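Spelled out, the chains give:
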Amino acid sequence: AQKVTQAQTEISVVEKEDVTLDCVYETRDTTYYLFWYKQPPSGELVFLIRRNSFDEQNEISGRYSWNFQKSTSSFNFTITASQVVDSAVYFCALSLGTYKYIFGTGTRLKVLA
Amino acid sequence: DGGITQSPKYLFRKEGQNVTLSCEQNLNHDAMYWYRQDPGQGLRLIYYSQIVNDFQKGDIAEGYSVSREKKESFPLTVTSAQKNPTAFYLCASTERGLGYNEQFFGPGTRLTVL
Chain G
11 AQKVTQAQTE ISVVEKEDVT LDCVYETRDT TYYLFWYKQP PSGELVFLIR
61 RNSFDEQNEI SGRYSWNFQK STSSFNFTIT ASQVVDSAVY FCALSLGTYK
111 YIFGTGTRLK VLA
Chain U
2 DGGITQSPKY LFRKEGQNVT LSCEQNLNHD AMYWYRQDPG QGLRLIYYSQ
52 IVNDFQKGDI AEGYSVSREK KESFPLTVTS AQKNPTAFYL CASTERGLGY
102 NEQFFGPGTR LTVL
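Protein chains in written order, with the working numbering: chain G, 11 to 123; chain U, 2 to 115.
Hints were generated in silico from the structure; no laboratory data involved.
Bear in mind that the values here come from a model prediction, so they are computed numbers and not experimental data.
The beta-carbon is built from N, C-alpha and C at its ideal position, and this holds for glycine as well.
Some hints could be false.
In silico DSBU-like links for lysine-lysine, alpha-carbon gap of 35 Å or less [claimed, not checked]:
id, chain 1, residue 1, chain 2, residue 2
1, G, K110, U, K72
2, G, K26, G, K120
3, U, K15, U, K72
4, G, K13, G, K80
5, G, K48, U, K15
6, G, K48, U, K72
7, G, K110, U, K10
8, G, K120, U, K10
9, U, K10, G, K13
10, U, K10, U, K71
11, G, K13, G, K120
12, U, K84, U, K10
13, G, K120, U, K84
Far from chain G, by Cβ distances over 12 Å, these chain U residues were calculated [said to hold, decoys possible]:
id, residue
14, F13
15, R14
16, G17
17, Q18
18, E25
19, S66
20, E73
21, S74
22, L115
Next up, chain U with everything else stripped away, as it sits in the complex (with noise of 0.2 Å):
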């Protein structure tokens, strides 16, 4: 089955450290993206790319990093310069960043930061 898996579902993080979230898709999708959800907001765009070895800094990428190094996978640096990091991350793909592709999207993150 074709589809995105996240990993892990859940992430706990002491201050200070840097983690890493998981993105992988086997839609054979160009563009892949990393959104934030936070309680009664909607998705906050944090990186995207359209193409492996770019990518694109979206509206909240302070603290954040990703790499592109290969076509399926588009993993998600959360770093110990983002100040507020709680929060449910999803990743998302299209066959195209077009815009007039719907988004597939993985299961999610949920990280906590204790």
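Isolated chain G, as found in the complex (with noise of 0.2 Å):
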């Protein structure tokens, strides 16, 4: 079966620091695709990043980068420098390629000023 843990309900941080969001998933396929989305308070999902099973190279966006590591089935988020804008809501998701995304529950990153 498919799965996607984010074992972090919560995360509080003060600005400026850096903060890492946890994603571990399962699955048996060899193909599958990684994605992140950030959920403001407004509650509209919004995509970040994807990236496929045959693809480690980790990726920088400004003060975003992930780190995707098969060996651990770890697809990690991390926030440079965070800031109180990047308080939010921030789901993990996993597909095989078809119609189905399976999604973890969430982490709710709090940056305060």
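Join the two chains, each given in its own frame, into one complex according to the hints.
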């Protein structure tokens, strides 16, 4: 069975701190896709990144970076120098290339000024 | 601007009533989805549609119904058979229903049963 685990329910940091959000996935398929979404208080999920199982390169986009490690089945997300605007719920999701997307339970990030 | 619209943003329903949540997209996407989000839980799939006039049940379809008469529209009806309908409902779409595309989400509808 496929599963996504985000063990951190809520994280609080002070502005300018770095923070890492963990995502561990389970699947026996060799082809799969991983996603991160941000859900701000307005409610709409915003796509952040997609990674396929054949591409283990880490990615950096501004203050955001992602570390994909197949050996540990993890796809962790780091925010450098966090800002108040980063406060949101972050979801990790897994797809096997079919219609279905499996979401983790989300991590609520609070960045305090 | 392309995107997904959902209406209404807030909806109150009396027990025993059916209500319909609207979802419209102008992204020309083939696939559309309905999710339910409860506090502390991830998104759970209610229904999805990969093409007009076709839709499939997701993990928690009981008490819900949908239609897909137009590519742009995928309304969700919450029926009186749904035992605990109070939740946040999100509509999403993808270019193709093949799982490698990112999903685009609407702003959601918060349904409260009084």
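To see whether the hints hold, each was checked on the structure:
1. G:K110 - U:K72: Satisfied, since the Cα-Cα distance of roughly 19 Å is no more than 35 Å.
2. G:K26 - G:K120: holds (12 Å)
3. U:K15 - U:K72: holds (31 Å)
4. G:K13 - G:K80: holds (15 Å)
5. G:K48 - U:K15: holds (32 Å)
6. G:K48 - U:K72: holds (26 Å)
7. G:K110 - U:K10: Holds - the C-alpha atoms of K10 (chain U) and K110 (chain G) are around 25 Å apart, at most 35 Å.
8. G:K120 - U:K10: holds (24 Å)
9. U:K10 - G:K13: Given that 35 Å is the threshold and the Cα spacing comes to 30 Å, the pair holds.
10. U:K10 - U:K71: Since the Cα atoms of K10 (chain U) and K71 (chain U) sit roughly 22 Å apart, the hinted pair holds (cutoff 35 Å).
11. G:K13 - G:K120: holds (25 Å)
12. U:K84 - U:K10: holds (21 Å)
13. G:K120 - U:K84: Between K120 (chain G) and K84 (chain U) the Cα gap is close to 33 Å, so the pair holds against 35 Å.
14. F13: Given a closest Cβ separation of 17 Å, the condition holds.
15. R14: holds (19 Å)
16. G17: Fine: 27 Å to the nearest Cβ keeps G17 (chain U) off the interface.
17. Q18: At roughly 23 Å from the nearest Cβ of chain G, Q18 (chain U) sits farther out than 12 Å, so the non-interface label holds.
18. E25: holds (14 Å)
19. S66: For S66 (chain U), whose nearest Cβ neighbour in chain G is about 19 Å away, the distance exceeds 12 Å, so it holds.
20. E73: With a cut-off of 12 Å, E73 (chain U) remains clear of chain G, as the shortest Cβ separation is near 18 Å.
21. S74: holds (18 Å)
22. L115: Holds, because the least Cβ-Cβ distance between L115 (chain U) and chain G comes to about 21 Å, which exceeds 12 Å.
Comparing the model with each earlier hint shows no violations; every hint is respected.
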